[in-house]
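Using the hints, put the two chains back together into the complex; each one sits in its own frame.
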Amino acid sequence: MKRYSKQGLWALFLICAFPLHAWTIILAFRDFSWVTERTNSWDAIGVVSYGLIFAFIESVLVFLVAVLLGFLVSRKWAEERRLALVGILVFITSLWAIASYLFFMLNISIAGETINFFASLAHPLRVLYVVSLILVGITVVLPTYLVLRSEKFLQGVRGFFERVSTLTLFYLFFDFIGLVIVIVRNV
Amino acid sequence: MKKDITRRDFLKLTGVLPLSIAAPRFLHSLDTFQQAQNKSQNVIVLVLDAFSALDISLYGYQRETTPNFARLAERAVVYHNHYAGGNFTTPGTASLLSGMLPWKHRQFVHYGEESEIFVKNNIFRAFENHYRIAYSHNPLANNLLGKLDGGGNIDNYIPSKQLFLTTDGLITDVFKKDEDIASVSWVRAIKSKEEGFAYSLFLSHLYEPYQEFKIERLKPLYPRGVPSVKSDNYFLLEQAIDWLSSTIENVPQPFMSYFHLMPPHAPYKTHLDFYDVFKNDSLKPVPKPFDLFSRGEDPDFEEIWQARRSYDEFILYADREIGRFIDKIEKSGLLENTWLVLTSDHGEMFERGIQGHFTPHLYQPVIRVPLLIFEPGRRTRTDIFTNTSAVDVLPTLLHVTGQKQADWSEGSVLPPFGPEPDPQRNLYVLQAKSNRQFAPITVATTTLVKGQYKLIYFFGYGELGGSGSERIELYDLKNDPEELNDLSSSKRETTAELLNELKQKLAQVNEPYI
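So the sequence lines, in the order shown, correspond to chains A and B.
Residue 70 in our numbering sits at position 70 of the first sequence, and the numbers go up by one each step.
Residue 1140 in our numbering sits at position 140 of the second sequence, and the numbers go up by one each step.
It should be emphasised that the hints constitute simulated quantities derived from the structure, not laboratory data.
One or more hints might be untrue.
[Said to hold, decoys possible] Residues from chain A shown here face chain B by an in silico Cβ test under 10 Å; the list is partial:
hint, residue
1, Asp-31
2, Leu-102
3, Thr-166
4, Leu-169
5, Val-187
[Unchecked claim] Distance windows between CB atoms, simulated:
hint, chain 1, residue 1, chain 2, residue 2, range
6, A, Val-141, B, Lys-1176, 44 to 50 Å
7, B, Gln-1162, A, Val-184, 42 to 48 Å
8, A, Ile-110, B, Val-1251, 53 to 59 Å
9, A, Val-60, B, Gln-1162, 29 to 35 Å
10, A, Leu-64, B, Lys-1176, 27 to 33 Å
11, B, Gln-1162, A, Ala-78, 54 to 60 Å
12, A, Ser-74, B, Gln-1306, 42 to 48 Å
13, A, Val-136, B, Val-1277, 40 to 46 Å
14, A, Phe-118, B, Phe-1290, 36 to 42 Å
15, B, Glu-1497, A, Val-184, 44 to 50 Å
16, B, Lys-1503, A, Leu-172, 51 to 57 Å
17, A, Phe-29, B, Lys-1404, 39 to 45 Å
18, B, Arg-1436, A, Val-184, 15 to 21 Å
19, B, Lys-1219, A, Leu-64, 32 to 38 Å
[Said to hold, decoys possible] Listing some non-contacts, in silico: residues in chain B with all C-beta distances to chain A over 12 Å:
hint, residue
20, Asp-1178
21, Glu-1179
22, Ser-1185
23, Gly-1323
For glycine and all other residues, C-beta sits at the position ideal for the given N, C-alpha and C.
Bound conformation, chain B alone (with noise of 0.2 Å):
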C-alpha cells in the first residue's frame, strides 16, 4: 500500500535541501583538502643493489632471509612479480627514477653521456615542489644522479664518500669525467689484496696495510671482510641506516628522497651475527644446465652455490638493518606522512655456470626484484601477484601525492592505488650494455613478460654468430617458475606472436635513431 507523504516528511525534506545543495561543494572542498595534504606528503624510495627477489624468503624462498621484510610487510602492499627495467645498475636505476624502459632514456651503457630525455624527466623534476635529497653507494647510480644533479633536478646531492669509512675519492675526484675506468684501473693497480697480484709492484704493499689499518678494529665483525665498494670504499649499513635516519628527519618537507644502499651486491660481507648461519642447510641447487654466456670454460658450480649462501647471509643483514631504518622512521612519527618504496634496481644469479649480473641473460633472479610500498597510516597487507615493472613506481608516486601526472612515462599507476591493470599488458626488460647508445638496438636482450609467458630474444651476439643471429626461448613462468622447459618449440604460435609484438616495439623504439 502506497503510503501519501505527510506535511511533517515533506518539512523534513525542505529541511535536508539546503544541505543537499551544499554537499557537493563540501564534498569537493574536502577532497581539494586531502589532495593538498597528499602534496604535502614526502617519499621516500629506499633501494639495495643487486636485490633479487628469488632469494627474498618473503616471496618464498626457502631460506629464512628477511624477517624483518615479512614483519613489516604486514602493513605494506607487497609486490610479488615485480621487474627491474634492466639486468644491473645504470638501466635498472634509469628506469626507476624516470619511469621510462631503458631504450627511451637511453641509461643502458656503463658510464654512458647523458641523455636530454633523461635529465629532463625524472622523478626530481617531477617533484619539483619538494626538497630534493638523493645519496648513493653505488658508483653507477651515482653517475646517473650526478647528470641529474647537473641538469639542476636535485637540491641535496650528497657524495657518495660522506658514508665511506675510507675512500679512494682522490681518483675520482681527479678524473670525474671517466670515474668508473679510472677506478678499475686503481683497484687493479694498487689493490692486490683482491686477486694476490696487481699492477704496481711497490706501493701496493704500502697502501693496501695502511688502508687495512683505518678499519683493523672492525674486522672481527666481519669475518668476510668489511663491506667494501670497489675494493677499498669500505662502509657500514648500521652507520648509513644511522646517518639516513636522523638526516632525513631534519630535513624541510615535503621531501623526495632516494637512497641507493649498495647491500647486498657483491662482495658479500656480512655481519659475524649472520656468518655461516645457512652453512649446514639442506637446501640444494636446481640443477640447471650450463649456458653458452657462462664465463670461462669449466665454472665451478659447487663455488656458485657457496657464493649464493654468502649471499643470502650477507641479504640477512641488509634485512635487519631496513628493519632498523623503517622502525627508526616510524617511531619519529616521519612513516605517518611518508610514502616509502622498498624496491632494487636489478637481481643477482647463481645458475647455469653463472654468478652475478654481469651476463647477458634476463631470466628471472637478475630481473625479478622486491617491490613494497608503505603508504602512510596503513595497518594492513595487500599482496599483488599482477606483472609490474620499474617504470611505473614512478606514476604511482605522482598519482598518490597528488602531482601532476608523468606524461613521459611508459609505466601505469600500480594497483591497488589505480585501476587494476591488464592482466594481458606487454612488460619489458632491455639488456644493451655492448650496444651503442644513441643507435638502434642491434646487440641486446629484451624480455616481454605477458600473462604467464615470458620470451627471451637474444640477438647480435658474436657468441650466437654476430650481426643478425637470434636467440629464442619461451618459458611458461606460472607452470615452470625456474625456467627449465624452453617451450619456443612447442608453443610455436604463441612463441611467434610474443616475438612478433616485441619486434614491433623493437622497430618502434629504433625508429628515433635510424
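In isolation and in its complexed conformation, chain A is listed as follows (with noise of 0.2 Å):
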C-alpha cells in the first residue's frame, strides 16, 4: 500500500517551495537595482531568473527530505494529517531560517538591557541555548501536537495550505520562464 498518493505529494512540494520561492523574489528584487547599476537591468533579470532556478532546485531538495521524514511519522494518523505536520515543520523551519536572516538584514541589535541581563547570570551561554531550545521547541511541539490532536486547527492549516499552494503555482510559472530567461542568455 503507498504512503502517500500523488497528489498529496504534489500539495507537499508546493508547500515546500512556497517559502523558499518567496524569500527569493523578495531579496532578488532588493538586488535588483544594484545590478541594474552595476551593468543593466537585462542582466538585474537574469540574476532574478538564476535565483528562481536555485530555489526551484533547493525546493526539490527540501521536498525529498521531507518526504524521507513522512516516513518517520506513523500510519496511524491520516494521510492528510500526516502531510499536514510534515508540512508545518518545513514551514516553522523556513520561518527560522528567515527570521535568522532578518536579524542581519534588519540590522537588528538586542536591546543593551537584555545583554547586560544574560552577562550579569552566571552562565550567560547556557541559559541562552536554553531559552533559544524553549523557543523552537514551543513553535515546533505546539502546532505538531495541535496538527495531531485538534480537528479545527487541521482544518485551518489545510485551509491555509490551499491558499499558499495557488500562490506557489504562480512561482513555478516564474521559475519555468526564469529558465526560458537563461537559457537565453546562456544560448
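Structure below.
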C-alpha cells in the first residue's frame, strides 16, 4: 500500500516550495537596483531568473527530505494529517531560517538591558541555549500537537496551505519563465 | 702650419681602407644579430588588479606600502604618470592587451560580446612567433582571455581554477556563456556570510561550512579572511607566485606571458604579517566633497577611510609576493633574457563618498596606475614623468623585442625606448559601461589629459538629467594633484579648447557606429 498519494506529494511539494520562492523573490528584487546599476536591467532580470532556478532546485531537495521525514510519521494518522504535520514543520523551519536572516538584514541589535541581564548570569551562554531551545521547542511541539489532536487547527492549516499552494503555482510559472531566460542568456 | 702627409701616413690610410669598406656590412650584421637576439627575448606582463598609483609609496604615498617595489625599481624604468585605459577590469585590460582605447576595441561593458577588432588585434596575435601563455584570477579578465583563446591567439590558456583552493567552477562551467550573472546570482543564493543573508534558506547553511572547512587551517594566517574572488574562490598569492615562477621557467622560449593576479582588488584580505600595520599611523584623509555619484545618501566617510587602510595593508602583501616573484626569476637567470612589465588594469578610490571602482568617475585614484618595465640586463633606474597610457605598452614591447609594429595600436613607444613623446600629447581614458557596446558613445565619462591639465567630461547619465546632459570639470594636475579645485569656470578658454578636442575625438570614434 502506498504511504502517500500523488496528489498528497504534489501538495507537499508546493508547501515546501512556497517559503523558499517567496524569500528568493523578495531578495532578488531587493538586489535588482544594484545589479542594474552595476551593468543593466537585463542582467538584473538574469539574477532574478537564476535565483528562481536555484530556489526550485532547493525546493526539490527540501521536498525529498520532507518525504523522508514523512516516512517516520506513524500511519495511525490519516495521510491528510501526516502531510499537514510535515508541511507545517517545513514551514516553521523556513520561518526560523528567515528570522535568522532578518536579524542581519534589518540590522537588529539586542537591547542593552537584555545583554546586561544575560551577562550578569553565572552561565550566560547556557541560559541562551536553553531559552533558544524552549522557543524552538514551543514553535515545533505546539503546532505538531495541535495538528495531530485538533480538527479545527488541522482544517485551518489545510485552508492556509491551499491558499499558499495557489501562490506557489504562480511561482512555478515564474520559474519556468526564469528557465527560459537562463536558456536564452546561455545560447 | 699645415703638415704634409708622409708616405708612412699614406700607407697607414691605405691599410685602413678595406676596413672602412667592410665596416657598414659588419655593423649591419651586428645590428641584425642584435635584432635576432631581441626577437628571442621573452616577455612577461604582470598585472595586479585595482592597483592605484596613489597608494604606492614608490610614487610618493606617505604610507610605506611598497618597499619591495622600491628595491626593484632601482633597476627598472619607472613611469610616474601612467594611465589605465578605463576604470574597471574589462576596458583597462583590453586596452593593455590590444594597444587600443576602449572606444576602438569595444570591450567596455561587463562580459560584452567579443569584437572582431579585439580578437584580431592583440598582444598575443602580435607575438605569434612566441609561445603564448596566459592566466587570470579575475573573471572579467578571464572573459577577455577566453575570447582571445577562442580566436586561436593563446597557446596555453590556464583556467583560473588552477590557482584556487576552492571553487564554484561548476556554476561557471555550466553557465559558461553567462558566467558573470550566473556567479553573481550563485553568490547571492548560497553565500550568506558576506551580508548575513542569502536567497537560500537551507543549502547555504550546509554549503558554507563545507567550503570553510577546506580552508580552516589557513584562517589564522589571514585575520580578515583568506583572499578570495567572488566570496569563496579562495586563493593564496604565495601559491600563485610559486606556481607562476616554476611554470614560467619551464615553458618553451621565447615566450609571451600575461598574468593577471587579483590583489590588491577587494576584498582586501591581507596576510597576518601586514594586518593592522597602519592602524595607528598619523595619515589623515584629504577632505573631499560628497559627490553626486556617491552610493547611498549617507556614505560613511570613516568606513571608507578604514577600507583604504585595509587596501594599503593588502598592497603590502602583494608587494612582498611580487618581490619574491622577481627575485625568483632573477635567480633562475630568466630575467637576463626577459622583458618584465609590472602594471595594473585600473585603480581604486576612497574619497568623495566613493569606495572601489564601480563608479562613473575618472579621478586620478581610479585611473592612475603603476608601470615599471624591467629591461634584460638593466642595472640602473630611470624615472619617466611624461604622461603615458596603457595603450603604449604593446607598441613598446613590440619595438624592444624587434617585432613587427602593431599598425592598429593607438599608443606610442614609451621613452626611453622610443623618441621622447610630445608633452602636449592627448591622452584619453573612457568609462562607458552603461553604453551599448556597438553603438555611438552617448552615456559615458571621458578624460583628456594634456600636459598639466585634465578635463573630465560626463554625459548622458540619468543623475545629470539624462540624454543631452553633461558635466565638465577641469583640473591642474601639477598644482592641484588632489583634484580639489575645478577650474572649468575660471579657465574657460582651456576648458573650451580641451572640450572641443575631446568632442572631436568622440565624433571621430562614433563615426563607424552611426
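- Task: Any hints from earlier that this structure breaks? Give me their numbers in increasing order, please.
- Result: Per hint list: 3, 4, 7, 12, 17, 20, 21, 22 violated.
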